[in-house]
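Colleague: Sequence:
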Amino acid sequence: MNISFENIDIIGNVINENELYKHYHYPEMLSRYSSNFIEFKIMPTLNELLEAEQFMRDFHLKNGQYHVEFVFPQDKEIAVELIEHLNNQDYSIEKNELYVINPSEFPEVKVDKDICVEKVDSVRLMEYLRIQYELDLQYGENFANEKQDLMKRNYNNENVIQIIAYYKDMPAGAVDVILTEEFAEIDNLFVLESLQRKGIGSILQKFVMDTYKDRKVILVADGDDTPREMYQRQNYQYLGFQYEVLKVYNE
Numbered sequence: 052m053n054i055s056f057e058n059i060d061i062i063g064n065v066i067n068e069n070e071l072y073k074h075y076h077y078p079e080m081l082s083r084y085s086s087n088f089i090e091f092k093i094m095p096t097l098n099e100l101l102e103a104e105q106f107m108r109d110f111h112l113k114n115g116q117y118h119v120e121f122v123f124p125q126d127k128e129i130a131v132e133l134i135e136h137l138n139n140q141d142y143s144i145e146k147n148e149l150y151v152i153n154p155s156e157f158p159e160v161k162v163d164k165d166i167c168v169e170k171v172d173s174v175r176l177m178e179y180l181r182i183q184y185e186l187d188l189q190y191g192e193n194f195a196n197e198k199q200d201l202m203k204r205n206y207n208n209e210n211v212i213q214i215i216a217y218y219k220d221m222p223a224g225a226v227d228v229i230l231t232e233e234f235a236e237i238d239n240l241f242v243l244e245s246l247q248r249k250g251i252g253s254i255l256q257k258f259v260m261d262t263y264k265d266r267k268v269i270l271v272a273d274g275d276d277t278p279r280e281m282y283q284r285q286n287y288q289y290l291g292f293q294y295e296v297l298k299v300y301n302e
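Quick note: the sequence shown, position 130, residue 181 per our numbering, numbers continuous.
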């Protein structure tokens, strides 16, 4: 099976597409960078990047958005002249990595009576929303509020399963699972900082593996962050990389 970043769910609508790129826009959540961006289908030249940059800047200003984000083709290194421009313009450059695992290959996890994992239902929804809101406040109140609306929409989406973890009966972490016929995509996996290194993240993943044994499990990890090392230890298979770059402007 040929698995690529094309199999990763994108929250956003393609409102324009040409030979060079796809333009994603999500008016329901204008503050979410990864829902409002340009994805290049082929590696652009410097002039093509500059034109796309100006277009995106103008388009976003009309919508009260103050960022520009680009995603580059999978497994392609960014040309030196593009890197120089991005660095000179103070873009952040992030390398994402794609992983897959057969649920049967996920290692056994030690049972901990203090940790409980459940699917979010009408009883647990408010706790799930509250723990997410507290986490998202670091990105601003507007983002946190818009994210709440997104999660409420996801709650009513049969293809998105929301899962919450408890430690000693207190909300401790969560994960979303995006379902397709072939894949279960792990997204938005987190554990509260004060409760990390207790095995909660592994138990959340094990719950996903046990629940969706008939699908391959996929996820995207930050190529420069510690969790990618955890995924590698857990027998996930590396499939490729993709660069994304972001610039946030002062209003």
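If you're looking for bench data, these hints aren't it; they were derived computationally from the structure. Just so you know, not all the hints are guaranteed correct.
Claimed, not checked - DSBU-like cross-link-like pairs, simulated, lysine-lysine; straight-line CA separation at most 30 Å:
#: 1; residue 1: 203; residue 2: 249
#: 2; residue 1: 257; residue 2: 298
#: 3; residue 1: 219; residue 2: 113
#: 4; residue 1: 267; residue 2: 249
#: 5; residue 1: 73; residue 2: 203
#: 6; residue 1: 92; residue 2: 146
#: 7; residue 1: 203; residue 2: 127
#: 8; residue 1: 249; residue 2: 164
#: 9; residue 1: 92; residue 2: 164
#: 10; residue 1: 170; residue 2: 113
#: 11; residue 1: 170; residue 2: 127
#: 12; residue 1: 298; residue 2: 203
As the structure is a prediction and not an experimental result, all values here were calculated from the model.
Colleague: With the threshold set at 30 Å, check whether the alpha-carbon distance from residue 92 to residue 146 stays at or below it.
Modeller: The hint holds at about 17 Å.
Colleague: With the threshold set at 30 Å, check whether the alpha-carbon distance from residue 257 to residue 298 stays at or below it.
Modeller: violated (36 Å)
Colleague: Sort out whether residue 203 lies within 30 Å of residue 298, counting only the CA atoms.
Modeller: The given pair, whose Cα atoms are some 29 Å apart, holds under the 30 Å limit.
Colleague: Hint check: residue 203 vs residue 127, CA-CA at most 30 Å. Holds or violated?
Modeller: violated (36 Å)
Colleague: If you draw a straight line from the CA of residue 203 to the CA of residue 249, is it 30 Å or shorter?
Modeller: holds (29 Å)
Colleague: Residue 73 and residue 203 were given as a pair; does the straight-line alpha-carbon distance stay at or below 30 Å?
Modeller: holds (27 Å)
Colleague: Would you mind confirming whether the straight-line C-alpha gap from residue 219 to residue 113 stays at or under 30 Å?
Modeller: At roughly 48 Å apart (the allowed maximum being 30 Å), residue 113 and residue 219 break the hint.
Colleague: Can you confirm whether the C-alpha distance between residue 92 and residue 164 stays at or below 30 Å?
Modeller: Judged against 30 Å, a Cα distance of about 48 Å means the pair is violated.
Colleague: Has the given pair, residue 249 with residue 164, been kept, meaning a C-alpha gap of at most 30 Å?
Modeller: holds (12 Å)
Colleague: Can you confirm whether the C-alpha distance between residue 267 and residue 249 stays at or below 30 Å?
Modeller: holds (26 Å)
Colleague: Keeping to a limit of 30 Å between CA atoms, is the pair of residue 170 and residue 127 held or broken?
Modeller: Distance of about 38 Å is beyond 30 Å: violated.
Colleague: Next pair to validate is residue 170 with residue 113; report whether the Cα-Cα distance is within 30 Å.
Modeller: violated (40 Å)
Of the hints listed earlier, those the structure fails to meet are numbers 2, 3, 7, 9, 10, 11, in rising order.
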